[in-house]
Structures are given as C-alpha cells and as structure tokens.
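Reconstruct the complex from the two isolated chains, following the hints.
One letter stands for each residue in the lines below.
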Amino acid sequence: MEELLAGILNLHWTNLVMFAIGGILIYLAIAKDYEPMLLLPIGFGAILANIPLSSVIGHEGVLSILYNAGITTELFPVLIFVAVGAMIDFGPLLQNPFMLFFGAAAQFGIFATMLLAILFGFDLKEAASIGIIGAADGPTSIFVATKFAQKLLAPISVAAYSYMSLVPIIQPPVIRMLTTKKERMIRMEAQRAVEVPKLVRILFPIMITVIAGIIAPISVALVGLLMFGNLIRECGVLERLSKATQNELANLVTLLLGITIGSTMVAEDFLNINTLMIMGMGLLAFVFDTAGGVLFAKFLNLFLKKKVNPMVGAAGISAFPMSARVIQRMAQKEDPTNFVLMQAISANVAGQLGSIVAGGLLLAIVPALLK
Amino acid sequence: MGHTFQLGLIATVYGLSGVFAVLILFYILTKLMMKFIK
Numbered sequence: 066m067e068e069l070l071a072g073i074l075n076l077h078w079t080n081l082v083m084f085a086i087g088g089i090l091i092y093l094a095i096a097k098d099y100e101p102m103l104l105l106p107i108g109f110g111a112i113l114a115n116i117p118l119s120s121v122i123g124h125e126g127v128l129s130i131l132y133n134a135g136i137t138t139e140l141f142p143v144l145i146f147v148a149v150g151a152m153i154d155f156g157p158l159l160q161n162p163f164m165l166f167f168g169a170a171a172q173f174g175i176f177a178t179m180l181l182a183i184l185f186g187f188d189l190k191e192a193a194s195i196g197i198i199g200a201a202d203g204p205t206s207i208f209v210a211t212k213f214a215q216k217l218l219a220p221i222s223v224a225a226y227s228y229m230s231l232v233p234i235i236q237p238p239v240i241r242m243l244t245t246k247k248e249r250m251i252r253m254e255a256q257r258a259v260e261v262p263k264l265v266r267i268l269f270p271i272m273i274t275v276i277a278g279i280i281a282p283i284s285v286a287l288v289g290l291l292m293f294g295n296l297i298r299e300c301g302v303l304e305r306l307s308k309a310t311q312n313e314l315a316n317l318v319t320l321l322l323g324i325t326i327g328s329t330m331v332a333e334d335f336l337n338i339n340t341l342m343i344m345g346m347g348l349l350a351f352v353f354d355t356a357g358g359v360l361f362a363k364f365l366n367l368f369l370k371k372k373v374n375p376m377v378g379a380a381g382i383s384a385f386p387m388s389a390r391v392i393q394r395m396a397q398k399e400d401p402t403n404f405v406l407m408q409a410i411s412a413n414v415a416g417q418l419g420s421i422v423a424g425g426l427l428l429a430i431v432p433a434l435l436k
Numbered sequence: 095m096g097h098t099f100q101l102g103l104i105a106t107v108y109g110l111s112g113v114f115a116v117l118i119l120f121y122i123l124t125k126l127m128m129k130f131i132k
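So the sequences go chain by chain: W and H.
Per our numbering, the first sequence runs over residues 66 to 436.
Per our numbering, the second sequence runs over residues 95 to 132.
Since the hints were derived computationally from the structure, they do not count as laboratory data.
Owing to the predicted nature of the structure, the values given are computational and were not obtained by experimental measurement.
Keep in mind that a hint or two might mislead.
[Stated by the list, open to error] Lysine-lysine pairs mimicking BS3-like chemistry, simulated, CA-CA at most 30 Å apart:
no.	chain 1	residue 1	chain 2	residue 2
1	H	K129	W	K370
2	W	K436	W	K190
3	H	K132	W	K216
4	W	K371	H	K129
5	W	K363	H	K129
6	H	K125	W	K263
7	W	K263	H	K129
8	W	K247	W	K97
9	W	K371	W	K247
10	W	K363	H	K125
11	W	K216	H	K129
12	W	K97	W	K398
13	W	K308	W	K363
[Claimed, not checked] To give a feel for the contact side, a few chain W residues facing chain H, derived at Cβ under 8 Å:
no.	residue
14	L159
15	P162
16	F166
17	L184
18	D188
19	I280
20	A332
21	F368
[To be verified] Using C-beta positions, here's what the derived DEER-type ranges look like:
no.	chain 1	residue 1	chain 2	residue 2	range
22	H	K129	W	I271	33 to 43 Å
23	W	D400	H	I131	32 to 42 Å
24	W	N337	H	I122	18 to 28 Å
25	H	I118	W	N75	54 to 64 Å
26	W	T79	H	I131	55 to 65 Å
We put the CB at the ideal spot given by N, CA and C, even for glycine.
In isolation and in its complexed conformation, chain H is listed as follows (with noise of 0.2 Å):
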C-alpha cells in the first residue's frame, strides 16, 4: 500500500496542478479573446 500511496500522492500533485495550469492557460485565451474578438 506505500508504494501505491506514493503513487497516489504523486497523481493527485500532478493531477491538481495539471487542473490548475490548465484552467489558467483557457483564463489567458479566453481574456485574449475576449479582448480582440469584438
């Protein structure tokens, strides 16, 4: 169970500041769209 717990702690650092960055990369386009696009 260690191994898959370190397993775990590993998806959950790379799957929420996986969410995050993602999120934040559609916040600029989507602020660059809505800025430009008219």
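Extracted from the complex, chain W is given alone in its bound form (with noise of 0.2 Å):
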C-alpha cells in the first residue's frame, strides 16, 4: 500500500513551489507570449523533475540522459549556434560597421554584472556565467554556464530568456533616465541603401570565424558553428540546409534544450538564495547593458561631427530585434518623423555579435587568469 501512495508520501511543499514556479514560466510563456519556444519547455520540464520519484530524471530518466548527452557535452547550445547563425542577416551590420562600436560598448553589462557577483560571494567562473546574462543571448548564457557553472545554468537561462522577452520594460526607463529630450530627438543621417556583395557576405562569417578562433581558440565551438549556420545561409547553394538548419534544426534542438534544461529545476537545488541573486542580477545585467551602450553613444558625440541619437547604443546588445524596436519606437514618441529603426538595428546586429566575441574572451581569460 505504501508503495502505491510513494508519490504522495514523498509530496514536499518545495515540491508544490516548483510546480508553481513552471506554471508561471507557462503562464508567461502562453498568455503573455514571453520567449514561448524556451519558456514553455523549461516550465513544464521543471513540473515534470519535481514530481516525487519522477522517472524522467535520475539514472535512467530519459531527461537526464537527454541533459548528459545534450548540455553536458555542450551539443544543444552549439547546435542552437548554428540554426542562430543561419538566421542572421549581416546585411545590415556590412552596411554600417560603424554601429560595431555600440555592439561592443553595450557588453558592458556582462563585466559589470561578474564583478557584482563576485561581491555577493560568487567565485570567478560563476560570476562569469551570471555576468554573461548580460550578452542577452539565451545560448551563449547556456554555452558560459555548461562550460563554468553547471549548477547555475537553470536560474541562468531562466534569467537570460525571461528578461530578453523584457527588454521593451527594462530598456525604456533606463535610456530615459540617461538621456534629455533633445538628445532622443537627435535625427541620424539616413543609412544609404549600399548593395553587399554577394562575396562579402560569404567572406565575413569566415574572416570572423578565423579572426576569433586564433584570438581565442576556445571560442571556436561558439563563434565557428554560429558563422558555419550564417554561411550555409549566405553561400546561396545551399538554400534546403539553410531553411532546414532555420526551422528544424533550431525547432527541435530548442524543444530538446528547453525541456532538458527545465528538468535540472530540482527543488532543491533551484530553491535557495542563489537563485533570487542571480535573477536580480540578470536584471542589473540587461540595466548596465543598456546604460554602457547609451554612455557610449553619448561619448562618441563628444568627438563627432554628425550626432549619433544615443539611445542608438543601448540596441547594441544581443535581443534581436526587440530592442531596435524599442529604440524606433521611443524616437518616434519624441518625434513622430524621426526614423532611427536601421540604424538600430545594425547596433542590433552588432550586438549578437558583440555577445558571442564577449562569451568566447570569457571562456579563454577566466580559466587563464585561475591557473
């Protein structure tokens, strides 16, 4: 009889706050369309793991055996990096490669956020793993934390996707805060319609894949596999893969990572005080992006002749393209025929590539700095 009633013997209340806890990581994902693809998965793994006894983890639980062959060895967010890189159009960012300045500036969110956390007890790699949040890209904060934190990487990603859905209310006050009127009213010169060539397209995800990998050889896995996916999309051959790597690749390694990285939300190990510290500092993380991007901007316009509109520079982080649309959407408020969207979202675009270049320096000067 006991063995009948194991599961409600074994029904702790940290139990029942975890079932809570994915309920609103599918509440937000369903009724509020908050990151869907990841938010969903990660709820209803995180029910699933909390079911007393559960026999989805443990020895032979299948999402444990999905979390050894798939995070453990880095698989899904790499495979994730390639669907990504097939989705990128550089486009915008070759038009402009001025606005790589903001992508850079705008990572500032990352160190300034590892410091924070080392203040608050974290040794060097998991400060590392909870700064990276602020590359505001979900599998480069799952790539840092497999590879530095693996204990951390449920909040991370929680932490990483749920506030990457919340750039368009975290973004606005801070930019607001930094800025006067007039400068939001600042009008950029119009980004000229330049053709790329088909050539630069295909050369640029390799120079930037050699460049990095000499730089940081332990980048490679990150960067080299996200410009593979953006070369299969650019080659112009390749016109399947590139739409198989966009939709397949990416729909079942997501569903696949997603509920994997849900079932390591094990009351125990989810429930503590670390997990409230680094949900708050994912938020500092995105507010000191934004800010090292528009003090950035507003840097550079100490020197420039053609004013750069600031807010410009809090779209260089990783959130595409929410946060070219946040800035579009607050010029337009300030001045209804003022049109920043492209430029905007080159600083998008040379954000994602800003949080991939700031992972891969990470993976390589932590470790190096701890021998």
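Encoded structure:
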C-alpha cells in the first residue's frame, strides 16, 4: 500500500513551490508570449522533474539522459548556434560597420555584473556565468554556464530568456534616465542602401571565425558554428540546408534544450538564495548593458560632427530585433518623423556579434586567470 | 573574496578591451571588404 502512495508520501512543500514556478513560466509563455519556445518547455520540464520519485530524472530518466548527452557535452547549445547563425542577416551591419562599436559598448553589463556577483560571494567562474546573462543571448549564456557553472545553469537560463523578452520594459526607463529629450530627438543621417556584394557576405563569416578562433581558440565552438550556420545561409547554394537549419534544427534542439534545462530545476537545487540573487543580477546586467551603450554613444558625440542618437547605443545588445524596435518606438514618441530603425538594427546585429565575442573571450580569460 | 575581485577586475579590463579590440578589427576588415570587393 505504501508503494502505491509513494508519490503522495514523498510530496514536499518545495515540490509545490516548483510546480507554481513551472506554472508561472508556462503562463508567461502562453499568456504573455514571453519567449514561449523556451519558457514553456522549461516550465513543463520543471514540473516533470519535481514530481516526487519522477522517472524522467535520475540514473535512467530520459531527461537526465538528454542532459548528459546534450548539455554536459555542450551539443545542444552548439547546435543552436548553427541555427541562430543561419537566421542572422549581417547585411545591415555590413552596410554600416560603424555600429560595431555599440555592439562592443553594450557588453559592459556582462563585466559589471560579473564584478557584482563576485561581491555577492560567487567564485570567478560562477560570476562570469552570471555576468554573461548580460550578453542578452540565451545560447551564449547556456554555453558559458555549461562550461563554468553547470549547477547554476537553470536559473541563468531562466533569467537570460525571461529578461530578453522583457527588453521593451527594461530598456526605456534606463534610456530616459540617461538622456535628455533633446538627445532622444537627434536625427541621424539616413543610412544609404548599399548593396552588399555576395562575396563579402560569404567572406564575412569565414573571416570572423578565423580571427576570433586565433584570438581565443576556445571560442571556436561558439563563434565557428554560428558562422557556419551563417555561411550556409549566405552561400546561395544550400537553400534547403539553410531552411532546415533555421526551422527543423532550431525547433528540435530548442525543444530538447528547454525541457532538459527545465528538468534541472529540482527544488533542492533551485529554491535557494542564489537563484534569487541570479535573477536580480540578471536584471541588473540588462540595465548595465543599456547604460553602457547609451553612455558610450554620448561619449562619442563629444567628438562626432554628425551626432548619434544615444538611444541607438542601447540597441547594441543581442536581443534581436526587440531592442531595435524599442529604440525606434522611443524615437518616434519624441518626434513622429524621426526614423532611427535602420541604425538601431545595425547596432542590434552588432550586439549579436559582440555578445558571442564577449562570451568567447570570457571562456579564454577566466581559466587563464585561475591557472 | 578580495583576490577573486582582483581577478574579476583583470578579467573585466581584458574582456572589455578585448571585445573592443576584436570588433575594431572586424570594423577595419569589413570596411576594407566593402571598399575593395564589388
């Protein structure tokens, strides 16, 4: 009889809290449309893993097998990079490479948050994994956390994807606080519609891979496979592969990645003060990113003849295309005839590049410092 | 924690300057490619 009631007898209040957290993630995914591709599987995975004596986790549990095969080996995040690479159009950035600078400045949040995490008592590897939430790039956060702090993978992933979908709420108040109305009304010269030669589109991912790989060989899995996906997209002869990568591969791996990460959210590992701190610092990482981009643009304006609308600096984060849209909406709110969308999109694409470069550099620097 | 914070500061200086350096390199190469490849 006791065996029949084993599930009920082993039910603890913490399991119920985790059911509620899983339910909230599912609610946010369905009702609020917050990154549903990831948050829904993560939420359901959390519920599955917290059913007492659940057969999906443990030695022979299917989700534990997936975890060992896909997360511990870094296979899932790396496959996601191929898919993301196939989805990125570097065209706007190639037309306006100046925006690369904002893609660098808006990575400030990664490093500021890393320092903050150290002050809160995390070790350097854990702090770097928490800081990388500021990359505003889910796969990069997962990849770095898998390498440096697998124990923190679940809260880091939840924070990264939650805040990415909250960019329209997080960025505007920070931007308004750091800029004057006059600055927000700055008009930027219309971006010329330069045709990007096909050869440049093909050479770009190869060049990035080689340079980033030589500078930080450990980043090759990260940068190289993202650029491999991009090369498939741009080469012009692999249309079917490009579509399969953008759709079937992306969908399948996202599904497995989400539910597998969710399965790591077991109550005894997740319900602690660290999770709360990571959620808080993740939010700050996005705030610091936004501030870094805006302040850098204001700094450049001290020297530039043709001023940059400082809001564009905030689009240098990786959350594409949400951030660019937020900036355009804010610009039009101040002046309905002001169009900064193209510049913001260029900065946003630069942010996608900047975030993986920052992730790759952290992967190289942190172990070197700890030697 | 003091030592870890020092390492964190070094990682920040290397990391941020590294990101800028790499992206400046990309900027120069992209400019060159866009100028010379038609």
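Hint by hint, here is what the structure shows:
Taking the CA atoms of K129 (chain H) and K370 (chain W), the gap is near 23 Å; set against the 30 Å cutoff, the hint holds. Between the alpha carbons of K436 (chain W) and K190 (chain W) the distance comes to roughly 12 Å, so the proposed pair stays at or under 30 Å and holds. Taking the CA atoms of K132 (chain H) and K216 (chain W), the gap is about 50 Å. The hint is violated against a cut of 30 Å. At most 30 Å may separate the alpha-carbon atoms for a hinted pair to count; K371 (chain W) and K129 (chain H) meet this at roughly 22 Å.
Between K363 (chain W) and K129 (chain H) the CA atoms are separated by roughly 28 Å; this keeps the pair inside 30 Å, and the hint holds. At roughly 15 Å between alpha-carbon atoms, K125 (chain H) and K263 (chain W) fall within 30 Å of each other, so this suggested pair holds. With a CA separation close to 13 Å, the supplied pair K263 (chain W) and K129 (chain H) stays within the 30 Å bound. For the given pair, K247 (chain W) sits about 34 Å from K97 (chain W) by alpha-carbon distance, which is inconsistent with the 30 Å threshold.
For the hint linking K371 (chain W) to K247 (chain W), the alpha-carbon distance of about 15 Å falls within 30 Å, and the restraint holds. Between K363 (chain W) and K125 (chain H), the direct Cα distance comes to roughly 24 Å. Compliance with the 30 Å bound is thereby established for this hinted pair. Only pairs whose Cα atoms come within 30 Å are accepted, and K216 (chain W) paired with K129 (chain H) is rejected, the gap being roughly 48 Å. Of the pairs offered as hints, the one joining K97 (chain W) and K398 (chain W) holds, with about 24 Å between alpha carbons and a cut-off of 30 Å not exceeded.
With a C-alpha separation of about 40 Å, the suggested pair K308 (chain W) and K363 (chain W) falls outside the 30 Å cut-off, and the hint is violated. Hint on L159 (chain W) holds. Least Cβ distance to chain H is approximately 6 Å, under the 8 Å limit. About 4 Å separates the beta-carbon of P162 (chain W) from the nearest beta-carbon of chain H, less than 8 Å, and the hint is met. Taking 8 Å as the C-beta contact cut-off toward chain H, the hint placing F166 (chain W) at the interface holds, the least distance being around 7 Å.
The closest approach between the C-beta of L184 (chain W) and any C-beta of chain H is roughly 7 Å, which is under the 8 Å cut-off, so the hint is satisfied. Interface restraint check for D188 (chain W): the shortest CB-CB distance to chain H comes to about 6 Å, inside 8 Å, so the restraint holds. Because the beta carbon of I280 (chain W) sits about 6 Å from the nearest beta carbon in chain H, less than 8 Å, this interface hint is met. The restraint placing A332 (chain W) at the interface with chain H is violated, with a minimum CB-CB distance near 29 Å, outside the 8 Å limit.
Contact between F368 (chain W) and chain H, as hinted, is not supported at the beta carbon level, the nearest pair being about 16 Å apart and thus beyond 8 Å. The hint said 33 to 43 Å for the Cβ distance between K129 (chain H) and I271 (chain W), and at roughly 18 Å that hint is violated. Against the hinted window of 32 to 42 Å, the Cβ-Cβ separation of D400 (chain W) and I131 (chain H) comes to about 37 Å, which satisfies the hint. Separated by about 47 Å at the C-beta atoms, N337 (chain W) and I122 (chain H) break the suggested range of 18 to 28 Å.
The supplied range of 54 to 64 Å is met by I118 (chain H) and N75 (chain W), whose beta-carbon atoms lie about 57 Å from each other. Look at T79 (chain W) against I131 (chain H): about 60 Å separates their beta carbons, and that is inside 55 to 65 Å.
Hint compliance for this structure: hints 3, 8, 11, 13, 20, 21, 22, 24 are not met, and every other hint is.
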